[in-house]
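As a plain string of letters, each chain reads:
There are 2 protein chains.
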Amino acid sequence: MKYSKLFGKTIKQDPKDEVSVNAKLLVRAGFIRKEVAGVYNYLPLGFRVLDKINKIVREQMNAAGGQEMLMSALQNRANWEKTGRWESFDALFKVKSRYDFEFTLGPTHEEVLVPIVKQLINSYKDLPLYLYQIQTKFRDEPRAKSGILRGREFIMKDLYSFHADDKDMESYYEVMKKSYKNVFERCGLKAIETEATGGAFSKFSHEYQVLCRSGEDEIIYCEGGDFSSNVEIAQVKEGKQCDLGHGPLKRARAIEVGNIFPLKTRFSDAFGLTFKDKDGKEKPVVMGCYGIGITRVMGTIVEVYHDEKGIIWPESVAPYMVHVVGLDLEERSVMEEAEKMYKLLQAEGIETLFDDRQKMSAGEKFADCDLIGIPYRVVISKKTGEKLEVKKRHEKETKFVTFDKLLKILNF
Amino acid sequence: MKYSKLFGKTIKQDPKDEVSVNAKLLVRAGFIRKEVAGVYNYLPLGFRVLDKINKIVREQMNAAGGQEMLMSALQNRANWEKTGRWESFDALFKVKSRYDFEFTLGPTHEEVLVPIVKQLINSYKDLPLYLYQIQTKFRDEPRAKSGILRGREFIMKDLYSFHADDKDMESYYEVMKKSYKNVFERCGLKAIETEATGGAFSKFSHEYQVLCRSGEDEIIYCEGGDFSSNVEIAQVKEGKQCDLGHGPLKRARAIEVGNIFPLKTRFSDAFGLTFKDKDGKEKPVVMGCYGIGITRVMGTIVEVYHDEKGIIWPESVAPYMVHVVGLDLEERSVMEEAEKMYKLLQAEGIETLFDDRQKMSAGEKFADCDLIGIPYRVVISKKTGEKLEVKKRHEKETKFVTFDKLLKILNF
Chain E
290 MKYSKLFGKT IKQDPKDEVS VNAKLLVRAG FIRKEVAGVY NYLPLGFRVL DKINKIVREQ
350 MNAAGGQEML MSALQNRANW EKTGRWESFD ALFKVKSRYD FEFTLGPTHE EVLVPIVKQL
410 INSYKDLPLY LYQIQTKFRD EPRAKSGILR GREFIMKDLY SFHADDKDME SYYEVMKKSY
470 KNVFERCGLK AIETEATGGA FSKFSHEYQV LCRSGEDEII YCEGGDFSSN VEIAQVKEGK
530 QCDLGHGPLK RARAIEVGNI FPLKTRFSDA FGLTFKDKDG KEKPVVMGCY GIGITRVMGT
590 IVEVYHDEKG IIWPESVAPY MVHVVGLDLE ERSVMEEAEK MYKLLQAEGI ETLFDDRQKM
650 SAGEKFADCD LIGIPYRVVI SKKTGEKLEV KKRHEKETKF VTFDKLLKIL NF
Chain Y
290 MKYSKLFGKT IKQDPKDEVS VNAKLLVRAG FIRKEVAGVY NYLPLGFRVL DKINKIVREQ
350 MNAAGGQEML MSALQNRANW EKTGRWESFD ALFKVKSRYD FEFTLGPTHE EVLVPIVKQL
410 INSYKDLPLY LYQIQTKFRD EPRAKSGILR GREFIMKDLY SFHADDKDME SYYEVMKKSY
470 KNVFERCGLK AIETEATGGA FSKFSHEYQV LCRSGEDEII YCEGGDFSSN VEIAQVKEGK
530 QCDLGHGPLK RARAIEVGNI FPLKTRFSDA FGLTFKDKDG KEKPVVMGCY GIGITRVMGT
590 IVEVYHDEKG IIWPESVAPY MVHVVGLDLE ERSVMEEAEK MYKLLQAEGI ETLFDDRQKM
650 SAGEKFADCD LIGIPYRVVI SKKTGEKLEV KKRHEKETKF VTFDKLLKIL NF
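Top to bottom, those sequences are chains E and Y. Counting from 290, one number per residue, gives the positions in the first sequence under this note's numbering. Counting from 290, one number per residue, gives the positions in the second sequence under this note's numbering.
Everything labelled a hint here was simulated from the structure, so no lab data went into it. A hint or two may mislead.
One copy or any two copies: either way a pair holds, since identical chains are not told apart in the list.
As the list claims (entries may be wrong) - In silico lysine-lysine, DSSO-like type, Cα no more than 27 Å apart, as pairs: (1) Lys291 to Lys466; (2) Lys298 to Lys567; (3) Lys414 to Lys671; (4) Lys694 to Lys407; (5) Lys676 to Lys291; (6) Lys383 to Lys434; (7) Lys654 to Lys567; (8) Lys344 to Lys291; (9) Lys383 to Lys414.
These figures come from a predicted structure and were not determined experimentally.
Extracted from the complex, chain E is given alone in its bound form (with noise of 0.2 Å):
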């Protein structure tokens, strides 16, 4: 993509109405726009973001047996009675239709889903059974102060999975923990295993919690790794020797990324979603959930992965791979050399930002590239040589390679 061209230029002044770290560096570097306080438009580098990062879970969650379908966001209020939902959810946005419809838009559809698995599923022989999407959640939220750590219309992630017995429901629960690890892993993100309250159906969840100061969890955990607990339900406190030798335990802000839970059979006994058993039994199914913020995942990599001149986005998740930026574009000569490096690395496959504007000083282009975060910078001018000057956005020295060591760097 030319620079150009691109929707989407830096502005360098924070914008006003933020306050958070992830807004202002996101929205300072032509990734979203504020619709209204914690509803926001994904410009086409924060789409591409977004896009990476539902590669990675969709990949995960189909290794792990996920079958994709896609729920609605408008969803009948009826069902949401039945799990006494309508009234104690407080976060729902509910609306009326002029024709005598009344929905809430979903914040969760374990309301939309269980009765459909209810019709397609009768015996034993059907489960388990692993469904998942990626789909708009809407809440109404009180506060909206997070940028996209905390929306009012926001992207996740969530799977349910139906099982036979409790036992069945615990080792998928495990698989999971897995897919969990790897997803985060993947996205760059070190996510810490937490347990977390069950609510009133379960002993306990478990919440993927990141290591930040604007984390609105705080979490007490082990730094071996053995340990960690929300403060909410923590029995230990801060300081109290790991049983495994692992020192003190800390306490430290946390943003949640992904929570799953035993959902038992909560949703089961409202729409009465039972199967026969081998003897011909009628039970209930069991229920697990697995929720991850996908705009929140995106959120939360800027909130870690930054410093004072923008973002720094793991290689995974970046928009692009590489920002091709020319100077002394005026010279024709240049402008040609600097199209073809543009040319050769799409030609590789390499995913290529070429900041392609002219009469513009190496400063500001470069203030440009440290704000939007792509992993690789490549300098092409009237200096450049057989080597061509590569620098990685976190690292501080600048290497002088050819073309062939760039693709082994970019490892093709």
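Given the coordinates of chain E, work out where chain Y should sit on it, guided by the hints.
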């Protein structure tokens, strides 16, 4: 995918609450489930079809220079008031937050995009600009009896183009005509480019109409392909001889699967979207907009391609390319043979659904094949020898071919 594991089994009887052919077949075949009138959930088979259509649309929009983004469903009331459409657009779902916000659920995105474009462009150098998204839209429709042809919630591709003058807009309008032709052809639809009303702002617009008795629109058209007009604005009558000698004009019902529309300065004026031309003079940006109903395209394909037995998917949008039907699977060697075929096809990159159910008659299995509508059926039974029994969904005769020949038929 093994059919025994697939979420979305067939149903023999038509659903009682559906009148449209598309909804009856898609529900019976396990592609969709109704949430409420005009709102559908897409089960795994349905999701796969949407995904195929989306990919075709994306390829064509990217080829036409479109930059993909993702805008919000919740839209700022203030911007709808600026265009006067908060009151005049009668299908808005208006949503009140508990926190003094008021939104509409977006039925279209001019009110969102134009203010963003205003922030980001200044000069004639920033034009033209082509932005699109594939996103869920909402309209509070009075009637919602046409299945996924007319939804209260539906998926659309909407592209907006921004130009320095009418001429440039008109030239891109012709580019989009070609893109639309490609999209519909690739989806297997014969869409007739049809003159339609331009509303208050333009002399004309164009609709893409697919002939179908269940269509809500009526067009007067020449079978030779040189003329088509929506009856709403047609200056000629059915039966009149075509000027180019193609015989009498016909009148027929049709489904509108897309439309393209010169917006001119309607929204630029409302939001003060201007640019500086070469002489430094402020001028209003000229716009066009271009929509394709993704879910409607899916429904239209079913309306057009079905018979008394079920759906007949075009290869380009079929959920799977091959339906392997195992018979006599109670015999272990036959099950092994069928499994082997399933794996061989998958290894060749051919998307395959494998009906691995035991103790079910050939008749029942073939009926499910015909209902689901996958292009190729391959039967594996105890009678299977060197040659495979292959049948195309829309052909009557069965062929007996080697595996290599089958791969050739499938274009590999």
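Evaluation of the provided hints:
In this assembly of identical chains, Lys291 and Lys466 lie within 27 Å of each other by CA distance solely across copies; the values are 25 Å between and 40 Å within a copy. Proximity of Lys298 to Lys567 under the C-alpha cut-off of 27 Å is restricted to the inter-copy arrangement: shortest distance 21 Å between copies versus 62 Å within a copy. Proximity of Lys414 to Lys671 under the C-alpha cut-off of 27 Å is restricted to the inter-copy arrangement: shortest distance 25 Å between copies versus 69 Å within a copy. Neither within a single protomer nor between protomers do Lys694 and Lys407 lie at most 27 Å apart by alpha-carbon distance, with minima of 57 Å and 42 Å respectively.
When the C-alpha separation of Lys676 and Lys291 is checked against a cutoff of 27 Å, the pair qualifies only within one copy, where the shortest distance is 23 Å, while the shortest distance between copies is 53 Å. For the identical chains of this complex, Lys383 and Lys434 are neighbours both inside a copy (22 Å) and across copies (23 Å), given an alpha-carbon limit of 27 Å. Taking CA atoms no more than 27 Å apart as the test, Lys654 paired with Lys567 passes between copies only; the shortest distance there is 24 Å, against 68 Å inside one copy. In this assembly of identical chains, the alpha carbons of Lys344 and Lys291 lie at most 27 Å apart whether taken from the same copy (24 Å) or from different copies (23 Å).
Taking the shortest alpha-carbon separations for Lys383 and Lys414, neither the intra-copy value of 38 Å nor the inter-copy value of 44 Å comes in at or below 27 Å.
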